[in-house]
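**Q** Now for the letters of each chain:
2 protein chains.
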Amino acid sequence: MAAPRGDTRAVGERSIPGGVRMERSILDRVPSLLTDLYQFTMAYAYWRAGRHQDCAAFELFFRQNPFGGGFALFAGLSDCLNYIKTFHFTDEDVDFLRSVLPPATDAAFFQYLRGLDCSGVTLRAVPEGTVVFARVRGSGLWARGGLKGQNCVVCNVLQEPLMEVAGPLVVVQLLETSLLCLVNYASLVCSNAARFRLASGHKRKLLEMGLRRAQGPDGGLTASRYSYIGGFDMTSNVQAGLLFGVPVSGTMAHSYVTSFTSLEEALPKTLVAVNGNRDAVDLISLTKSWLGRVCKLLGADPEKIHDGELAAFLSYAIAYPKNFLPVIDSYSVTCGLLNFCAVALALCELGYRPLGVRLDSGDLCKQSLDVRSVLRLCSEHFSISAFDSLTIVGSNNISEQTMVELNTKENEIDVVGVGTHLVTCTKQPSLGCVYKLVEVQGKPRMKISEDPEKSTVPGRKAVYRLIDADGYPFLDLLCLALESPPEAGRPVSCHPLGTCDTPLTVTPAEVTCLRQEMFTKGQVTQPLSSAAQSKEQVQQSLQKLHPRHKRLQEPDSYTVALSEKLHMLARDLRRGITNKNNVVSPN
Amino acid sequence: MAAPRGDTRAVGERSIPGGVRMERSILDRVPSLLTDLYQFTMAYAYWRAGRHQDCAAFELFFRQNPFGGGFALFAGLSDCLNYIKTFHFTDEDVDFLRSVLPPATDAAFFQYLRGLDCSGVTLRAVPEGTVVFARVRGSGLWARGGLKGQNCVVCNVLQEPLMEVAGPLVVVQLLETSLLCLVNYASLVCSNAARFRLASGHKRKLLEMGLRRAQGPDGGLTASRYSYIGGFDMTSNVQAGLLFGVPVSGTMAHSYVTSFTSLEEALPKTLVAVNGNRDAVDLISLTKSWLGRVCKLLGADPEKIHDGELAAFLSYAIAYPKNFLPVIDSYSVTCGLLNFCAVALALCELGYRPLGVRLDSGDLCKQSLDVRSVLRLCSEHFSISAFDSLTIVGSNNISEQTMVELNTKENEIDVVGVGTHLVTCTKQPSLGCVYKLVEVQGKPRMKISEDPEKSTVPGRKAVYRLIDADGYPFLDLLCLALESPPEAGRPVSCHPLGTCDTPLTVTPAEVTCLRQEMFTKGQVTQPLSSAAQSKEQVQQSLQKLHPRHKRLQEPDSYTVALSEKLHMLARDLRRGITNKNNVVSPN
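Protein chains in written order, with my numbering: chain A, 1309 to 1895; chain B, 1309 to 1895.
For reference, chain A alone in the conformation it holds in the complex (with noise of 0.2 Å):
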């Protein structure tokens, strides 16, 4: 609800005075039986075997990037943190499983459980709100280099690891699911309003006001908290505001226009002027004046005014005259905006400044120069400065289409509301994340599926990012953990897909590791990022990105490779499965 300020028209927004607080979740804890039952039953059939204690590795990424893009972001770390650290079964919950597992499970296995903790777990990740990629789709480096072989099957089940968690066979194991549900929403919906923010511009401010539409509370919640990161600035969502420190923002529904029929009920009636040096001024009488010089002004018959909006805007100009931002369009755009220009030009005589106005149907474009035009002219014929810099907002079902348009067609809207399309991502509802097995007490790991798309990469690793001379990131390594990083300046030789007997080779100019230790002996072990940092994060990630891996349509595919070695143990171990139907262990 602030002013706004310079160059930047801010509608109601409010940031979280004395900068970011501590944040927390709607959840104390998310509850450890949040998981699949599945879980369950192998953990038994591990611990029966006696492998529960076999140190295990687990990675989680996903298989495509999201909505036909060239990038995704990832999110949702902090929260797969807070819930590694509180991991535990309470007596309700191992009494809950005793229910429901099979009556002959041995009563010392919910012992264990009841024992259990993420004291011998180690998670690597990518830092929260970094651009990642996921298998390229043939339109990238390589592809346009004309280089065959994508029928190559190591290849082709290229994808870049987001995360890693290496413990106890059976600790790792169950963490799956929570840690999936997580991650994979709170990337999406990052990525989705990553890609709004790149549509809109930076020109413009994006509110997300998608709550109600949401998969719940927390459903929400998450929305607004990962939109926010995104690119979004501000959300109507107060809670999240309270929880993560969000600006939020907002001022009045159509609910609030229709609820007022007559003049008689807009109560208080009068306003004292801002400087305070003159009596409570009639605001009505004040409005009745200027809607006969508006309605002149514009040629328009005051007689086909409607008097119950015009006591909603008033009651709302007196409650708020300094944050006055009506939704225009409950009955007709014509008619709201004679309303808003006689109250705003009131509240301007008093020395207030209106903030602007809300357009909620029909052809917001087209609206908006209409309504930008008369705010102009009012300007000009009563030589009301204040009217050249009011706020237009937008909002009705808008879709990110709807936002490229923003930035083809003519219009005058300064922000945008985003609900719907935002937080349900409907061009693609879910990212896919999986998490798959990769070592088993230091033996590499590998699904080898009749599907290519579901086999997987086996083996711990480090992933880099290699940067070109430029400046920009321009191919991520998948290498072997043990293998010794590539460096700065020195050729390396990698496989990405599509490439399998002929290696390419590059020389990066610079050299980042991806990922970071995150969390160990129950401990996090990096300082968790808050949204605002995040946002940060999100923001360098995206401008470091070439823009043609930017492009929201048929952007040019970034290019994840494996190492010589990674690509050889990939290899090996799919010879094994086809020569001898086992899985080979080089080590």
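Treat the hints with care, since some could be wrong.
Remember, identical chains collapse to one label, so a pair may be satisfied in a single copy or spanning two.
To be verified - Lysine-lysine pairs mimicking DSS-like chemistry, simulated, CA-CA at most 27 Å apart:
(1) K1612 - K1762
(2) K1735 - K1762
(3) K1717 - K1735
(4) K1717 - K1762
(5) K1604 - K1873
Hints listed in this document are in silico derivations from the structure and should not be mistaken for laboratory results.
Once you've looked at the hints, dock chain B against the given chain A.
**A** Here is chain B on its own, set in the frame of chain A:
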């Protein structure tokens, strides 16, 4: 994990012992700040105008049946009742509001908020799990009769109010966003589940397994609860079992299979026969001998068997000999099926009854036929009758369309697991519920938008369902609350969509009142229905519905109509706005 019973083949299904338990939510309480900021700015303006105690009524409804279907299911009511029962603002909430509302906000307003609750609110609603309808779309009773008048702006705004929330203007306004959030997704996913059930028929069991793809922890729980209510038999989500008593189910993932590499890892190696009459038997040797016999029968090469997979199956079978249902396509269905048969036949020799197999990739219909024919061959050749009734579970990105195909293409799938397409409602990820003002201080209110879809039906109403002589509901009639209700056997005149000046006369054989008082004076006045009770209500409600409205594609539209008096009120209010630019109250 119960063994198959009679003709209903269960897969690892496990009901809560002792029947329905007290249900809880994942959230102790939906936070009262989980709403849009504009609810508070409006609340303040109402309060300043002295209108906060005005008696207002809002209606909650949706505008289109979801998924192109002929109906929706109303769900989320018990969550709404829990929410309004506990609605209040804490000191922390009020402090936060003080920090985000404009500094000029009167301090007494915050004091007022601190004391608010829902003791003055009355909520009337359709019972949870009832079939409901939105705007008819031109293919219904009257369109088929060739009646004209589609341009009638009064009739074009027809929607069925599911919930009426009446009470002090400020309070019922503040409830808007949370009520929408709680009804929207619950009703959507419940309706989606019902469509999956209709597509599947009642022969197959349906397992919801979408937790990892939902909008966070609470989205996942909501999905599990309302999928069950809508017609699914069980969930993979353990917490949903604990909280709502939904039967839980599951056995193993691919990672379990790929975590084993050799038969040495199959531990323990022995199993005691079910009757306990013999010493522990070396199950590995027994299985190997069965493997030889199966390979010989099927002409397969035992050398092509994947030892790791066999070890995984053996370990699981030894842990849960009465609950053996492995996923058999981690490497290839051919290999997995041989391993399954060998282990399952060994179990049968010891008197155990294996449950079945799960297929998780590829062409499920074709694979299920192949699998069934091998199982039958084994049954005949080895005279093992248990092999006749093994369960085949299919899961692999199942959509409503896949489910329809399962009824047209030959297959042997007994249980279907559905995740992403169910919980994210891919076909339409939002129901678009809205909450509109219909009355203030006894005067009807109507939003008359330039966009006819956004107009509303004014006034407080009663909703009656008219039943025909065959027992099928055929028309829902919206009347003014004070009108006398329609009576069985007596003609009633009404206005369905598009029959503006030509009322229709119908004679119901039976009439039921659709909505009941659910909450008043701070108390829930009907028993909250458990998930199982709501599920029963869904089944009853759907059973009564004529099949022509239940067709998944191009259903006949169900007719919703206005009573003569309500139609006249809407027409008069609209004429009022047209002629005098004011909302006329007829009272």
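**Q** If a hint holds in the structure, say so; if it doesn't, say that too.
**A** Okay, the hints, checked on the actual structure:
Taking the shortest Cα distances, K1612 and K1762 sit within 27 Å of each other only across copies (21 Å), while inside one copy they are farther apart (65 Å). For the identical chains of this complex, K1735 and K1762 are neighbours both inside a copy (23 Å) and across copies (24 Å), given an alpha-carbon limit of 27 Å. For the identical chains of this complex, K1717 and K1735 are intra-copy neighbours only, at 22 Å inside a copy versus 29 Å across copies, given an alpha-carbon limit of 27 Å. In this assembly of identical chains, K1717 and K1762 lie within 27 Å of each other by CA distance solely across copies; the values are 25 Å between and 43 Å within a copy.
Taking identical chains as interchangeable, the C-alpha atoms of K1604 and K1873 are never at most 27 Å apart, the minima being 80 Å within one chain and 40 Å between chains.
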